[in-house]
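**Q** Both chains are given apart, each in its own frame, so use the hints to dock them into the complex.
Residue numbers (the numbering used here), protein chains in the order written: chain A, 1 to 255; chain B, 1 to 67.
If you're looking for bench data, these hints aren't it; they were derived computationally from the structure. Worth double-checking, as some hints may not be accurate.
Claimed, not checked - Below, simulated BS3-like cross-link-like pairs (lysine-lysine); rule was C-alpha separation at most 25 Å, straight line: (1) A:Lys3 / A:Lys219; (2) B:Lys44 / A:Lys19; (3) A:Lys63 / B:Lys31; (4) B:Lys44 / A:Lys63; (5) A:Lys104 / A:Lys87; (6) A:Lys19 / A:Lys239; (7) A:Lys87 / B:Lys44; (8) B:Lys17 / A:Lys65; (9) A:Lys19 / A:Lys219.
What follows is each chain in one-letter form.
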Amino acid sequence: MLKIGPYEFSSRLLLGTGKYPSLDVQKEAVEASGAEILTFAVRRMNIFSPEQPNFLEQLDLSKYKLLPNTAGAKTAEEAVRIARLAKASGLCDMIKVEVIGCDKTLLPDPVETLKAAEMLLEEGFIVLPYTSDDVVLARRLQELGCHAVMPGASPIGSGQGIINPLNLSFIIEQATVPVIVDAGIGGPADAVLAMELGADGVLLNTAVSGAADPVKMAKAMKLAIEAGRLGYEAGRIPKKRYASASSPMEGMSVV
Amino acid sequence: MTLIVNGETITVPDEVKTVSDLLSHFRLDNKLAIVEVNVRIIQKHEYGITTLANGDRVEIVHFVGGG
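For reference, chain B alone in the conformation it holds in the complex (with noise of 0.2 Å):
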């Protein structure tokens, strides 16, 4: 399956399935990540439940250094 996750086109392996699997695939489950799918918030009791599909675009963002 071909995903655009943060603006790269990324192939992942088809066991990839949901949000936690991508998660998984990247090592962010121990993360403070927050998750969006096609511009829709994905809250995290929906990860493991939020399947993707060949060309969704997701976003995975985190908390850095701001003023």
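Only chain A is shown next, with the shape it has when bound in the complex (with noise of 0.2 Å):
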């Protein structure tokens, strides 16, 4: 069981919400995925369209807990007035903090994440920040009391994988809250990867959204996450530098 904060999730991937072709896709993406947590971005209406369809409107929110996240934001301060915003809905009380510091990289700007982190957990919410994959700073983060932290694999949907699996590691060996790999995953083996690393989760959109079949590739992410999940709990064999047989050396004067 992935536990953040009060809540228990048997699913430990974290499907994002952005990009997919047509509503209807989306959904049996999300249903494929098996995903309990939804990420989504606050923005303004289009206060002349209210026919416009919604998705968060045709979900059974009932089967799925909302992570919205403070997307846009550039300052702590910004990013605690979307917070405030998301909470104020009545439907979640559970917050990405995401400020950007770098508008190409879409890197998180660490100083502003942690005051906004502070504020938040002061009123109350469940804190699950994106972050750089920095121990330091993830520790900082945790020791602020986070719920969980979130470090970026790689840049935001570049699908580059994961680029610094001994930073990942590093964070994931000093946690004492779930990290959850964040941004920068591209296919299946990328989630096995983070999984097997140790990580407690996974939280991906473009690799499903962004996918030529997004159905599909929503499945083979919930198999990819349940796989390197198992094989981390399984404990897998040290590497060695030669071969060692699989057979027995015994009865071998039959041939």
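**A** This is the structure we're talking about:
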């Protein structure tokens, strides 16, 4: 079970809801992923077209926990404002703190992220900050009381996979709260690797929504995360320099 | 009355007096909307009692797809 604050989840896949080719494909992909946590962004409503369909309104909210993000924020204050708006919906108390410090790389601003996390924890939010793969920063967020830390695997939407498994493993080793690898996952192999490293979960969006067949990819990610987790729990063999035969050495006289 | 709604200057009819009226005016009553007036979040139970004044800055936001 994945435990985040007071909540427990049997799925370790957190799915983003952006950029799907259609609402129907999105619904099917969400279903196929088995995800129980879905991320959303907070944006201005188009007040002149109230009939516009909205994915959230078509969702059975008893089956999912919402994890709104603070995307768009560049300062702690902006992130807090977005988080408060999200909470005022009455639908959620978890928040993905996302304070971007660089438009080109979309890497998080560590100072503002830390400040925002502190303010939101004081207000009683369940706080999951998106952070870089810096072990010291992850520890500082954890010490503040964050309910999980979410280091990026590589830049958001880049599909580059885990570019620094060493740093991720440092974060995982010292973590006392769940570590959710967020951003940069490209294919199932990346998700398996994250889970084999000992991550508690994976948050991804574009890897599914941008795939040629998002529904199939959602299923693939579900299986990858389950396989990676099982492998981690099973304990893989150490790597050796030379071969060691799998077949017995006894009774070789027949050849 | 003139309001600034989601950054746009909009003139609403005189019968729009509260946040509830404004949402009805835009046919957003049944939408999952979150409302801020002059940077103060208005809780749902306050919609009917929160009156609007000329020049108020109103934000009407909702959840959209995002990662």
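**Q** Give a verdict on every hint.
**A** Evaluated hints:
no.: 1; hint: A:Lys3 / A:Lys219; verdict: 22 Å, holds
no.: 2; hint: B:Lys44 / A:Lys19; verdict: 30 Å, violated
no.: 3; hint: A:Lys63 / B:Lys31; verdict: 20 Å, holds
no.: 4; hint: B:Lys44 / A:Lys63; verdict: 23 Å, holds
no.: 5; hint: A:Lys104 / A:Lys87; verdict: 29 Å, violated
no.: 6; hint: A:Lys19 / A:Lys239; verdict: 40 Å, violated
no.: 7; hint: A:Lys87 / B:Lys44; verdict: 12 Å, holds
no.: 8; hint: B:Lys17 / A:Lys65; verdict: 35 Å, violated
no.: 9; hint: A:Lys19 / A:Lys219; verdict: 18 Å, holds
Checked against the numbered hints given earlier, this structure breaks hints 2, 5, 6, 8; the rest are met.
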